[in-house]
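Fit chain B to the supplied structure of chain A, relying on the hints for placement.
Protein chains: 2
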Amino acid sequence: MSVNNQSILETAGAAAKAARRLALATTDLKNQTLSALETALLKNSASILAANALDVKEAADKGIPPHIIDRLSLNESRLRELASAVANVRSLADPVGAVEDERVLENGLTVRRLRIPLGLIAFICEARPGALVEAGALTIKSGNGLIVKCGKEMSHTAETLQSCFNEALASVALATEAVTVLTTVDRDDLREMLKLSEIIDLVIPRGGEGLIRFVSENSRIPVLKHFKGVCHLYVDEAADLDMALNLAVNGKTQRPSTCNSLEALLVHQTVAADFLPKLGAALEKKGVTIKADPEAANLLPQAEKAEDEDWGREFLDLIVAVKVVPDYEAALDHIARYGSNHTEVIVTRDGARGAHFQRAVEAGCVMVNASSRLNDGGCLGLGAEIGISTTRLHAYGPMGLRELTTTRFIVTGNGQER
Amino acid sequence: MSVNNQSILETAGAAAKAARRLALATTDLKNQTLSALETALLKNSASILAANALDVKEAADKGIPPHIIDRLSLNESRLRELASAVANVRSLADPVGAVEDERVLENGLTVRRLRIPLGLIAFICEARPGALVEAGALTIKSGNGLIVKCGKEMSHTAETLQSCFNEALASVALATEAVTVLTTVDRDDLREMLKLSEIIDLVIPRGGEGLIRFVSENSRIPVLKHFKGVCHLYVDEAADLDMALNLAVNGKTQRPSTCNSLEALLVHQTVAADFLPKLGAALEKKGVTIKADPEAANLLPQAEKAEDEDWGREFLDLIVAVKVVPDYEAALDHIARYGSNHTEVIVTRDGARGAHFQRAVEAGCVMVNASSRLNDGGCLGLGAEIGISTTRLHAYGPMGLRELTTTRFIVTGNGQER
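As they're listed, the protein sequences go chains A and B. For the first sequence, our numbering gives the first residue as 1, with consecutive numbering after it. For the second sequence, our numbering gives the first residue as 1001, with consecutive numbering after it.
Same shape as in the complex, but just chain A:
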């Protein structure tokens, strides 16, 4: 579908109709579509990159901050990566059509669940071409329609990507409205779109907290939220301290701008004297600023004083808060109060404690002895992800293909009555 001025209602209606056809497409046909998409991205790379250069120039002229321009920018190698991300999604198993939980009841009725697409998904994202391509590939593979509202800073890029989707869908005679990218939608239009609960089945907003709150507060369609990631690593009294050091450094510094990076470290008091000086030295070497509570500060001469608002804060930068806790329960309490239901980590050699932590801590992903940075659909074996849900309905944690589907009951009998 081309970006145009049709009303939101008509546009969404057309996308929903196309989605109904995609829902019944065979795995082969969907894979052919993804092959064609991969080809189109590579074949049209010159025009995509030209359009992207225009977007980047306009954004720079407008004084858009560098980290946003960085996310907006494509180049040859990034485009090849996107094409292989599409190929990767093609290689994943198709969840649609799987039959689950078969049971034959006493009266002879066969009850099963059939895995089906969700329908039409609205994806609200900022100026990230990569997120758009990945969302499109995942929804095609899972048989869902997609209507994307993306940041206007990427409007030229979006048009060329829309052309690639059109080419791919048309090559297998699927309706091109199955992936519809809107770049001219303002907040009022978005508000209208979020009322279309009879047409759109799910809204996935990806972006800053403000965007997500706007969508949550205005939507009558179910929203899968990905709020902020305030991730903690707790160094237990039974921790392997070398491992804890490595995981703290990796979780904080490997890519600090991401939601699964660490924002705070909690250290059991019995290991604090041993652990904190090493931690301080290692983080200093990586240029990390430490904000320490009074007890940790005694062992971290280089640290700044942590203020109240530093607990539960998403720094998204080379800054980390560090606190000494008297015991395991105090760590649980701190996480319950300041965690964001995203990723929480314990380092411990005590298996029972690790298992308890995984059950008791409220988050979509709870890790024992592993880096928070591994909470990602790809790293956890889902193949790819469309987002990370921090609320419990429908999906919790990274959302891959299966999370873009649901099941219906299919019942087969030979005349059973009630």
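Among these hints, one or two may not hold up.
Said to hold, decoys possible - Calculated pairs, DSBU-like style, for lysine-lysine (alpha carbon to alpha carbon, straight line, at most 30 angstroms): (1) K195/A <-> K1195/B; (2) K1195/B <-> K228/A; (3) K228/A <-> K1017/B; (4) K1228/B <-> K17/A; (5) K195/A <-> K1228/B; (6) K1043/B <-> K1057/B.
Read the hints as simulated data drawn from the structure, not as lab findings.
Only chain B this time, still in chain A's reference frame:
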């Protein structure tokens, strides 16, 4: 918790806190709670029935319609049934704590999903004491907190039932706020409650379409909707006509006021002349009024003429619309247009067609050769149900214990980094 005038925020907060403790309760403890609930219902039957008689008298004095009074009324035998429904829930497997989808990745990371409760569930129902008891039993077993807003017509009954829940929870030292029944909540309070998305995880409204729309339009909390049930039975050209006749009669007449009763019959034209006269006679014997399209009317002299608004209408009464369709595709089109995503039935001996129907028709439960009346948690082997979802997010079709849970990722490593 006793029904009182605390603010909704405080009340919900206390329920959420109690829910967090219930979430970690063992299966044994939850089963003990349900045993104690069963005992309390039987032990306090005199006071429950006295309170219920008062509610029924007040309702009758106010001129509340008989079918609502019927739902409100309890007696000894109904109360014993409710106690055994509680015992039945106790006997079901506990979904919480199950570990699913374990995989060990190449880097040695073990990724699993742990089944956990949803948290705190708000249940908005009309004056149905049975629904309140069943919802309470299901949420206790699934480790969820429950906050119930029920119709004020059942306020005396609700207080006695609240006492039974209190007794049961207190007997195992669980906080009684885990089941909180509110009877004095008006629409403004309800509107406030529906904003508490940080405290309440899910809203399940059960009642008329007006109530469900009010909840959907005012809620910032995810809502599991159970709209109306406009269920069709399609008699295919390859149908066993005797079976079709039995299923039509059972689906329409066994309990016409329920959402899984049939509201319309679609008959393939090649079998219409054979089938419809027998259908007409059988339905006439049961006192069913037929509203027929012109073609069906030719074969059903006793029928009234179907008006446009009779298609897609939920009669909830001994009335059924009947239409002759030229082919299978026309039946699919009719259901796509007028169905309500609840229950759809095909009668056919053609297995491939049955399987196609189950995949192509949009509903939470699609049946081949079985009565629509069997779409019910109990009849489909879920043990019990808290509602039937007609939207696709999180749960679709009847919702049992498993649908009151979700999963989180639990990841265990030995120092893996990114």
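For each hint, the structure was consulted:
no.	hint	result
1	K195/A <-> K1195/B	holds, 17 angstroms
2	K1195/B <-> K228/A	holds, 20 angstroms
3	K228/A <-> K1017/B	holds, 23 angstroms
4	K1228/B <-> K17/A	holds, 23 angstroms
5	K195/A <-> K1228/B	holds, 20 angstroms
6	K1043/B <-> K1057/B	holds, 23 angstroms
Checked against the numbered hints above, the structure violates none of them.
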